[in-house]
Amino acid sequence: MTLREVQDILNAEVICGEHLLDREVNTAFACDLISEMLSSASSDTLLITSLTNPHVIHTAEVMDAIGVVFVGGKKPSEDIINDLDHGNIPLLSTPLPIFNTCGLLFSNGIEGCMRGKAQ
Amino acid sequence: MTELHQTAVNKPQLTLRFKIDEKDFLIAGESASKTKKALQQLGLKQEIVKNIAIIVYEAAMNIVIHATHGKIKIIIVPDKVIVLSEDVGEGIPDIELAMKEGYSTAPHEVREMGFGAGMGLPNIKQCSNELDIKTTVGSGTTLTATIYLNPADTKQVETGAMYV
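Top line first, the protein sequences correspond to chains V and L.
Everything in the first sequence is counted per our numbering, starting at 29 for the first residue and increasing by one.
Everything in the second sequence is counted per our numbering, starting at 1389 for the first residue and increasing by one.
Check each hint, because a few of them may be wrong.
Pairs of lysine to aspartate or glutamate, DMTMM-like flavour, derived with a Cα cap of 20 Å [said to hold, decoys possible]:
1) L:LYS1425 x V:ASP92
2) V:LYS103 x V:GLU139
3) L:LYS1411 x L:GLU1497
4) L:LYS1513 x V:GLU64
5) L:LYS1422 x V:ASP92
6) L:LYS1433 x V:ASP92
7) V:LYS102 x V:ASP36
8) L:LYS1488 x V:GLU64
9) L:LYS1422 x V:ASP111
10) V:LYS102 x L:ASP1520
11) V:LYS103 x L:GLU1500
12) L:LYS1513 x L:GLU1484
13) L:LYS1425 x V:ASP72
14) L:LYS1459 x L:GLU1418
15) L:LYS1468 x L:GLU1500
16) L:LYS1433 x V:ASP72
17) L:LYS1425 x V:ASP111
Since the hints were derived computationally from the structure, they do not count as laboratory data.
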C-alpha cells in the first residue's frame, strides 16, 4: 500500500513530505531504541515510534526509512522540523497508540521487517 | 567541522573528519548523515553506505555518552573504508562484556532519548568486516572498523570531487 493509504488507515496528520505519499510501503518496524532501529530495520521500511527527538529523524535518514509514523499524537517540535534536513523522509503523526498502529497496519498487509532476513 | 580532501593522484584517498564533544548528542546523527551523503556521492552501494553510516553513528554516540571528547575519521581508499574512532575518556573495563548485546552502562537520561540500549559495539561489529578495539581504563579508547569493497562498489571513488 502507499503512504497515503497508511495515513488514511491511521487517521494520521502529515507533518512534512506530503509530496512523497505515493511511496509504496511493504514493511514496517516499531521501536523506541535507536540502536535497534539501526541494527534491525532494513532499508525501505516504515518506522513507527513514540520518540520525537532529532535523533530519530537522523536515524530514519541513515537507515533509508520510507517514512516515520509518530504514535500517540506525538509530534517533533517546530524547531526540530525546521532545523533538520528531512526533505526525503515523510513524517506522520497518528493519535493511535503503538499497539493499535501496528495491529491496523499488520491486518492491512504490512509485514514486520528484520534486516537481512525475509519475513 | 567536516574536512574533505583528496591526496596523491596515484593513490586516491578521501578522508572525512568529525570532532565529537561530550554530551553533544546531535553531532552523532549529523556525522552519520554527512558520512552517508558523502559516500553516496562516491557512488558506493546503498547497503555499504548504510553500514558505514551506522558504524559512524554508534561510534560517535559512544564518545558522546562515555568519553570526554574524541574524533572520528573515515578514510576511503579504493579497496576499503576505515572508520577510526579515538577518544579521551574512561575506557572500557571489560570489552567482552561491552560486546554483549543489551549490556549497557549508559545513564538513565541517555536511555530516555532512545540511546544506551547496549547495542552500540555489537552493531559496529555486525556492520564491519574487521573490528579492532584498543582501550586503556582511565585514558581512552581507539576503535578501528574496516569495511572491504569489491571493485564494483568503488568504480567512482577514483574520480569526482565531493562536498558535504
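Right, here's what the structure says about each hint:
This hinted pair checks out: LYS1425 of chain L and ASP92 of chain V have alpha carbons roughly 12 Å apart, not beyond 20 Å. A distance of roughly 24 Å separates the Cα atoms of LYS103 of chain V and GLU139 of chain V; the hinted pair therefore is violated under the 20 Å criterion. Proximity of LYS1411 of chain L to GLU1497 of chain L is assessed by CA-CA distance (about 11 Å); at most 20 Å being required, the pair is judged to hold. Taken as a hint, the LYS1513 of chain L and GLU64 of chain V pair is honoured in the structure, with Cα atoms around 14 Å apart against an allowance of 20 Å.
Distance hint between LYS1422 of chain L and ASP92 of chain V is fulfilled; the C-alpha atoms sit about 14 Å from each other, no more than 20 Å. For the hint pairing LYS1433 of chain L with ASP92 of chain V, the CA-to-CA distance comes to about 13 Å; that is within 20 Å, so the pair holds. A distance of roughly 17 Å separates the Cα atoms of LYS102 of chain V and ASP36 of chain V; the hinted pair therefore holds under the 20 Å criterion. Pair hint LYS1488 of chain L plus GLU64 of chain V holds up; C-alpha atoms about 14 Å apart against a cutoff of 20 Å.
A C-alpha spacing of about 15 Å is found between LYS1422 of chain L and ASP111 of chain V, which places the hinted pair at or below 20 Å, so the restraint holds. In summary, the hint linking LYS102 of chain V to ASP1520 of chain L is not supported, as the alpha carbons are separated by about 40 Å, beyond the 20 Å threshold. Annotation: proposed proximity of LYS103 of chain V to GLU1500 of chain L holds, straight-line Cα distance about 16 Å (limit 20 Å). For the proposed pair LYS1513 of chain L and GLU1484 of chain L, the alpha carbon gap of about 12 Å is at most 20 Å, so the pair holds.
Distance check on the hinted pair: LYS1425 of chain L and ASP72 of chain V sit about 17 Å apart at the alpha-carbon level, within 20 Å; holds. Restraint check: the Cα-Cα separation between LYS1459 of chain L and GLU1418 of chain L comes to about 14 Å, which is no more than 20 Å; the hinted pair holds. Annotation: proposed proximity of LYS1468 of chain L to GLU1500 of chain L is violated, straight-line Cα distance about 36 Å (limit 20 Å). Taking the CA atoms of LYS1433 of chain L and ASP72 of chain V, the gap is about 15 Å. The hint holds against a cut of 20 Å.
Restraint check for LYS1425 of chain L and ASP111 of chain V: satisfied, since their Cα atoms lie roughly 17 Å apart, inside the 20 Å limit.
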